[in-house]
Amino acid sequence: MASITRYLNYHLKACASREPEGMAEDGQPPFTKDEEKQLLAKTRHRLAAPQRIKVDLKDL
28 MASITRYLNY HLKACASREP EGMAEDGQPP FTKDEEKQLL AKTRHRLAAP
78 QRIKVDLKDL
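Residue numbers (this note's numbering): 28 to 87.
Within a straight-line C-alpha distance of at most 30 Å, the following computed DSBU-like cross-link-like pairs (lysine-lysine) qualify:
| no. | residue 1 | residue 2 |
| --- | --- | --- |
| 1 | Lys40 | Lys60 |
| 2 | Lys69 | Lys40 |
| 3 | Lys64 | Lys40 |
Quick caveat, the hints were computed from the structure, so don't treat them as lab data.
Let the sequences and hints guide you as you build the complete structure.
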């Protein structure tokens, strides 16, 4: 989970500062292509998983 957060934070910072996407502050790519594919697959899997939400009918 931490690696996904790091990946998303990197892209948010890149967009906010208008840095060229794909390069970290030190000029190195933050992730290899394989790491990026794995992180995106994990993210898609977690987003696609059904979420259980408890609803109390009294609150409706």
